[in-house]
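Engineer: This is what each chain is made of:
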Amino acid sequence: MKNISRRNVMALLGAAPFVAAVAARAESPKPAPRAEDVTSRDRIREKHFPNVQLVTHEGKKVRFYDDLVKDKVVVINFMYAKCEGICPGITTNLVKVQRILGGRVGKDIFMYSLSLKPEQDTPEALAEYARMHKVGPGWQYLTGAPADLELLRRSLGFTDPDPLVDADKSNHIGNVRYGNEPLQRWAACPGMSKPEMIVESIGWLLPQGSRPSAKGEGK
Amino acid sequence: MANISKRDRTREKRSELAAKNRRELIAAGFKRRDLLKMGLLTSAGMLIPKSGLSARPLTSAGFVYDDTPQSRPTTPFVEEMPRLVEKPFFTSAASLTGPPPQVTPNTAAGESRTINHQILTGQPPQKYYEIHQKAFQAKSHPEFSQPSTLWGYDGIFPGPLFRAYYGEPMLVRHWNDLPPDGQNGGFGLNSTTTHLHNGHTPQESDGHPCFFNDRTHFYDHHYPNVLAGFQSTHPTLNAAGIPGDLKESMHTLWYHDHRFDYTSQNVYKGMAGMFNLFHKNGQYDGGDENSGFRLPSYPNFDVNMVFNDAVYDAQTDQLAFDLFNLDGILGDKMQVNGKVQPVFHVSPRRYRFRWLNMGPSRFYQFSILDPTNNTTKQIWQMSTDGNFLARPVKVDGVRISVAERTDVIVDFTGLAGKTFYIENRLEQTDGRGPTGKVLNPGQGTKVLKIVVDQPAVADNSVNFDTALASLPAGQPYFYGFPDTTTPIRVTRTFKFERNNGQWAVNGKFPNCLEPPRFAIKLNTAEKWIFQNNSGGWQHPIHMHFEEFQTLKINGQPPAVSGIVQAGRKDVLRLEHNMQAEVYFRFRDFKGLLPLHCHNVVHEDHAMMVLLEINDNGDLNPNP
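Residue numbers (the numbering used here), protein chains in the order written: chain A, 1 to 219; chain B, 220 to 842.
Rather than coming from a laboratory, the hints here were simulated on the basis of the structure. Be careful, since some hints might not be right.
Claimed, not checked - Residues on chain A that point at chain B, a partial pick, calculated with CB under 7 Å:
id	residue
1	110
2	174
3	183
4	196
5	207
6	209
7	210
To be verified - Non-contacting residues of chain A with respect to chain B, defined by C-beta distances greater than 10 Å in every case (computed):
id	residue
8	47
9	61
10	72
11	95
12	132
13	161
14	177
15	191
16	194
17	200
18	214
It should be emphasised that the depicted structure is a prediction, and the values quoted were computed from it without experimental measurement. From the three backbone atoms N, C-alpha and C, an ideal C-beta is built for every residue, glycine too.
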C-alpha cells in the first residue's frame, strides 16, 4: 500500500475547505448506484439538483430536490434583494407571469427565486423584497448557506464562462429556467421575454389539455 | 489521443498532477464508499473536480462545478463512413399514409398545419415523400458498450437524403411518431417543426419555429423547388426551361428540427438530414459529370458529409446533452455521417464532397492532410452554403460554422495507395467560438480518414486546372452572381447581443404570440447590417427563405478565399466584433420567417427575430 494516509487526504481536502464543505452538504450518503440502475432522470438530478437545505422567505426549511423540484413543474430564477440591475425588471415580469398563471402557482406550477447573496438575504429580507414587488402567494424566495446557493447556481447553469464576470453578482444571469421534472423536459428563456411568451413556454412543459392560456387562467 | 483536442501546457501539468493524486488514492486502497464519505466522490461516482484531482482550474469562487461528461476514448478510423440513404418517393398521393394533401389544413385528420398552402395548386407536386420521425437505437462507435437512443427522420441518423430537382415540385409528409411524454432519455421535445434550410419555400411549409407538429399528427411540407424571382423579377422561362433567376440556383441544403426552445436538443438528438437540389436533364449542376458543369457524378462520386460533435456519458456510452448550457456546447467525439472518426475509401479520381456542419456550436476549418509530410493538399472550393461562386477557388482549407455548407472538389488522381485525412485545424476550447488560432497541419483533429484504394475508374468530370485557364477573363464558370441593382428600399441594423446571459437581437427577444417584429415589402431589396456586440461569442447568423450577398465585412468587400464570406450565402459567420453588410431580395411569397443565430444553444435562449414579408412592409431601421 502506497504512502497516502487519511491525513494526506484530509490535507488535500484541507487545501480547499470550501469544497469539502460543499461536498459534505451534497446528497446524504448512500451507496453509489450501478450504472445500469441509473436512469436519465437520476442523471439529471445528480448533475443539476443537489439536495441542499434552503429556507423560504416564510421561514420554512426545505430540501431543494426533495421538496421543491421532485415530481414538479418548476420555474427558477436567481436574484438578490439589493439588486439594482436586472432583478427588478425580471421580477416585475415574472409577477405578470404569476398573474396569468393565477391559482396554479404553488398548486401545480412552482415558482422559485434563489438568492445570489444569501449572506445578506435573510428570509425577512426576501419577504420584504417579495412584498415590495407584489409577489403573490405560492412563489417562494429562497436563501440558505452561501456554499449551498453557490452550488445551486452552478448546478442550474446560471454562470458566466468568464470567471471575473461570473464573480460580479451585479452582472448575473437573467434567464429563467423551467422544467417538468418527471418528464425530463427542461428549457430556459430570457427573463425579460414577454410574460405571455414565458407562460407559453411553461405551457409546453405540460401535456396538451393542461396548458395555461397565455391570456390568463383567472382564479 | 487523436480524438481529444490538444491541451495547453498548464493544463497538461495539472492533468498529470491530478492523475498522480488519483493513482495514490486508488493505491491506498480507499473504497468507493470511503471516498464518498470523505466528500471526494459525487453520488454519480465521479471524483469531485477540485484542484489536485482534476485538470480543470478552480474559479475565483474557489469551486468549480464541473460535471461536463467526457466520452470514453475510442479508437479512430475503425468504421466505414456510411453514405447517406436516398429517400424513395411516390408518384401518387394515394400512396401516402393519411388523407390526400389539400390546400386547407386537414385538422380533423390530424394535420398539424394551421395555414393554407399558398401555391399547392399552382405548383402541383410531382413527387410525394413520407417521413416518420421516431426514436431508434444507434451506435456511433463499435467500442461503445451500448447504443444510444436517438430521434431521427425515418429512424436513421443522418436522416434520408433527398434528391430534388428545380421545376419538380414535391410534397413531404412528416409524421410525428416520436415517443410519448417522459420517454426522451433526458432531453428532446416530442413536438417538432421541420425546416428545409434554405429552400425558397412558402412560410407554411418552411418550418417556422412557432408552427408545431405534435405527436401522432402529420405536417405536409410543399416544396415547389422554384428559383427565386419565378413569379416576380424573372417570370419568363430561362435557359433551363423554367421561370426564375437561374443565378439563384442552390444545390446543397439540409433539413432539421427548428422547434422553439428545443431546437438544440432535438437536432443534437439526431433530427437532421441533407437535401441535394439538381437541375433536370443533366443541365448545369445536373448530377452527371458528362454534361452541364460536369461535376463528379451523383451518387458515386458526389458525397454528402454531415459533421457533428457529440459527447457520450463515460459510464453508459449514451449520448449526453449539456442541458443547462447557455453558451454553446462542444463535443469531444467528431462524427461524420453519424460515426465517430470513420474511414472512407475512394478511387484515384476527382470527388465532390458536400460538407455540412450540423453543430451544435463548433466551428471547423477543414483541410486535407497528407500525413506523410504533414502538408495540406489543396482543394477546389466551389460554393458557399449551397450557392456556387462565380468560379471555384483553389484553397488550403475552408471554414465552416454551424449550418454552413461548402462543396469542394478533391482530386485523388494519381494518388492510388495514399492516405489522407480531413483535419479540423481551427482551435476551439469552448462553445463561445474559436480562439482564432489555426493550428499547423497535423496539429489539429483528424475527423475522417480517406484511403485511396478503390479500383481505378473513368473520370469525365471537369478538371478545373485546365478548364479555368481556357475561360475568358471575367466569365464565370458557374452561373455568376445575381445582380444587386434592385434599389435598396430600407437598411436595417441588427445588433446581436448578450444581456446577462440572455441572447438578444437589438435588445429584444422573440415572441410567437405577438405580431412580427418588422415587415418587408414583397419583391423589394433591403440592406441588413449585422453587428456582433456580444463580446467573446461568435454567431452564425441565418435568414430563412432567401440567400444574401455579402457587401462588406468590417467595412471592406470580402475577399474570396477558403475563409470566404463573399458570394451568396444564407449563414453569415459573425466573428468577434465583426460588422457585416448584406444585400437581400425578398420575392415571390409572403409570410412569417425567422432570422436567428444558428449556434442552436443561442437560438434557444433566444437569439431570434420573427419577421414577415407582406404587401406593404415597414421602414424600421432597428427592429
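Engineer: All hints are to be evaluated individually against the structure, with a verdict given for each.
Structural biologist: How the hints compare with the structure:
no.: 1; hint: 110; result: violated, 18 Å
no.: 2; hint: 174; result: holds, 4 Å
no.: 3; hint: 183; result: holds, 5 Å
no.: 4; hint: 196; result: holds, 5 Å
no.: 5; hint: 207; result: holds, 6 Å
no.: 6; hint: 209; result: violated, 12 Å
no.: 7; hint: 210; result: violated, 11 Å
no.: 8; hint: 47; result: violated, 5 Å
no.: 9; hint: 61; result: holds, 22 Å
no.: 10; hint: 72; result: holds, 14 Å
no.: 11; hint: 95; result: holds, 18 Å
no.: 12; hint: 132; result: holds, 21 Å
no.: 13; hint: 161; result: violated, 6 Å
no.: 14; hint: 177; result: violated, 7 Å
no.: 15; hint: 191; result: violated, 7 Å
no.: 16; hint: 194; result: violated, 5 Å
no.: 17; hint: 200; result: violated, 6 Å
no.: 18; hint: 214; result: violated, 6 Å
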